[in-house]
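Chains as they are written, first to last, in our numbering: chain A, 26 to 315; chain B, 1103 to 1420.
Simulated from the structure, these hints should not be mistaken for laboratory data.
Every residue, glycine too, gets a C-beta built ideally from N, C-alpha and C.
Treat the hints with care, as some may be off.
To be verified - In silico SDA-like cross-links for lysine to any residue, where the CA-CA straight-line distance does not exceed 20 angstroms:
1. Lys302/A to Leu233/A
2. Lys1267/B to Gln83/A
3. Lys1328/B to Leu1314/B
4. Lys302/A to Ala1305/B
5. Lys1328/B to Gly1309/B
6. Lys302/A to Arg1227/B
7. Lys1176/B to Thr165/A
8. Lys1225/B to Thr165/A
9. Lys230/A to Trp299/A
10. Lys1225/B to Pro43/A
11. Lys302/A to Lys1267/B
12. Lys1267/B to Trp65/A
13. Lys302/A to Pro292/A
14. Lys302/A to Lys1328/B
15. Lys140/A to Leu1141/B
Said to hold, decoys possible - Covered stretches of chain B, as calculated for chain A (at least 3 residues, CB under 8 angstroms):
16. 1138 to 1144
17. 1197 to 1204
18. 1208 to 1222
19. 1237 to 1248
20. 1254 to 1261
21. 1295 to 1308
Unchecked claim - Heads up, incomplete: computed chain A residues facing chain B, CB under 7 angstroms, no partners named:
22. Phe80
23. Pro81
24. Ala150
25. Ile153
26. Ser187
27. Leu293
28. Val295
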Amino acid sequence: MASVQYHHPNRNRSKVDPVRILSYLAMAVVVVLIMVPVFWMLSGSLKTNQEILTFPPQWLPRNPQWHNYSDAWNAAPFGRFYLNTIITTAAGTTLELTNAALTAYALAFLRFPAKNLVFILLLAALMIPEQVTIIPNYLTISDILGQNWINTYQGIVLPGASVAVGTFLFRQAFMSLPREVIDAARVDGANHLQLLWQIVLPMAKPVLVTFGLISLVAKWNDYLWPLIVTNQDRMRTLSVGISYLYNPESTVRWGPLMAGTFFVIAPLIVIYLWAQKHIIEGITSGATKS
Amino acid sequence: MQGSTSLTLQNSVSTDQALPVGTSRRKRPPVSEWLLFLLFIAPNFILFGVFSYWPMIQTAYLSGVRWDMISPTKRWVGLDNYRYLWNDDTFRQVLVNSFWFAIGAVGGSLVLGLAIALLLNQKLRFRDFARAAVFMPTLLSGAAIGIVWVYIFDPRYGILAGFLKVLSVNSPSWLGDPTWALPAVIIVYIWKNVGLATVIFLAGLQGIPRDLYEAATVDGAGRLSKFRNVTLPMLSPIMFFVVVTSILSSFQAFDIINVMTRGGPVDATNILVYYIYQQGFVAFNAGRAGAASMVLFVIMLAITLIQLRFSERKVHYG
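Using the sequences and the hints given, assemble the complete structure.
And the structure:
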């Protein structure tokens, strides 16, 4: 495979470069390999059971079975799954952003004698993976302040509502804002909440958008915790709901099942098409700034 | 989301430079400002306390008891749960599986991610489209995509079997075969995550100064020599970052495995997080689940500390 591009503006333009041809071929192969599963899902979602069970497999359905989508929709309470996922994603993302912004503002602009301790605690939080605490958290949620939060939105959302990575990212962004603007607003008598809301957050909007999108994607796809903390259909999120729709022990009706997986991933594909640049930027910024 | 561990050292170094807003005179900050500080960080840290620090301590405690998660009494058994895991063939296999899963998933994403990044770093038409396509699976629900891959892997009518047929190869029964199940879930994991490594490598490649390549060209270096003597060394910090973060996230993989294989067949794809889930929420054995959680925690902590150590050295001598 070819290595990095070197600029020779006048050379290699007229001649056909074999490395370039190979590169285009390789690029095509990569894109096809990545896209085939998505294509297979879409094509399967429109096939009859007969067509699905034929071998060798057919690329396209002869007669698109659009009713697979309505069958899937009726096979499980997808409307409810959507509602649950939208509520938990919106609440989770909002809380993460709020927590990150407040903590980062305090760390960047307020004086406190034991700030280093706060940093150490944040680092500690970063080092405790969610998977290690699922059992105590399950016990907590099933009996918190005398209440059972299993099958509730707060039970799904709250354990994931605090944030360490986002706090670090926000603080870094806040520290790089022009000092004079903030000082001027302070002189004009703005209090800290006004400063955060009216000056700092609008100026730090890029990092807000990128981290918000990353958080949104993670919450939308979250699986382990919502699986543990819900046991009724009406409280399941899309990811958990679809995994219950697939039961390897019985006959699988692949057509409607593929239509169901489309319900789960379609909203994120739309968001990705719309905000691709921000999402990729946000993901890479953590790596390249280190 | 372990992404920013490497940022933290620089952050804590520069804490003291965080000057307060609007104060030109050097006075002791008023207590009201301390209170405001605490008020601002309170929501975040109360949640950390309730759902992270305290549960971590509880997990450590649970690893020393025998308890079915229902009965009112827990019996303290000391290190018995660890002894059980140490002697348990299933748990040994879980560790071996986790190791191979990490090697396969990280190795695959690293090599393919770098190759694709090098490819797309050239001035090719449609490369933005290719980059967007490669990255897309990263954003899709592992649970949903796992189901799609079960259909792809089906040895009787899946598209992979159809493709292998063209090559006159008989498809193994992937997810039903203990030999092929782990490679199969690794393939899915790589397919889903290679885009992440790719975009990070691409960002790294774009950060390599042009003049290094020009100097190498003047010295008569060929493509391969430039790759070995300029690209690889300049990319090594990012490679390290990608390796560490991918190892950490591979140890956290759950959704794909729970949907595609439920750890089977005969524990062939049972990895640490799945084992914890199984012990806790299927077998209701809080003690063993706690002990396995501690094992996972120690492994991930060790990896993170190695990363911090390394980044620290980079800051000091780099």
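A quick look at each hint next to the structure:
no.: 1; hint: Lys302/A to Leu233/A; in the structure: holds (14 angstroms)
no.: 2; hint: Lys1267/B to Gln83/A; in the structure: holds (13 angstroms)
no.: 3; hint: Lys1328/B to Leu1314/B; in the structure: holds (9 angstroms)
no.: 4; hint: Lys302/A to Ala1305/B; in the structure: holds (13 angstroms)
no.: 5; hint: Lys1328/B to Gly1309/B; in the structure: holds (15 angstroms)
no.: 6; hint: Lys302/A to Arg1227/B; in the structure: holds (18 angstroms)
no.: 7; hint: Lys1176/B to Thr165/A; in the structure: holds (16 angstroms)
no.: 8; hint: Lys1225/B to Thr165/A; in the structure: violated (54 angstroms)
no.: 9; hint: Lys230/A to Trp299/A; in the structure: holds (17 angstroms)
no.: 10; hint: Lys1225/B to Pro43/A; in the structure: holds (15 angstroms)
no.: 11; hint: Lys302/A to Lys1267/B; in the structure: violated (39 angstroms)
no.: 12; hint: Lys1267/B to Trp65/A; in the structure: holds (17 angstroms)
no.: 13; hint: Lys302/A to Pro292/A; in the structure: holds (17 angstroms)
no.: 14; hint: Lys302/A to Lys1328/B; in the structure: violated (30 angstroms)
no.: 15; hint: Lys140/A to Leu1141/B; in the structure: holds (14 angstroms)
no.: 16; hint: 1138 to 1144; in the structure: holds (count 5)
no.: 17; hint: 1197 to 1204; in the structure: violated (count 0)
no.: 18; hint: 1208 to 1222; in the structure: holds (count 5)
no.: 19; hint: 1237 to 1248; in the structure: holds (count 12)
no.: 20; hint: 1254 to 1261; in the structure: holds (count 5)
no.: 21; hint: 1295 to 1308; in the structure: holds (count 8)
no.: 22; hint: Phe80; in the structure: holds (5 angstroms)
no.: 23; hint: Pro81; in the structure: holds (5 angstroms)
no.: 24; hint: Ala150; in the structure: holds (5 angstroms)
no.: 25; hint: Ile153; in the structure: holds (5 angstroms)
no.: 26; hint: Ser187; in the structure: holds (4 angstroms)
no.: 27; hint: Leu293; in the structure: holds (5 angstroms)
no.: 28; hint: Val295; in the structure: violated (11 angstroms)
The structure shown violates the earlier hints numbered 8, 11, 14, 17, 28.
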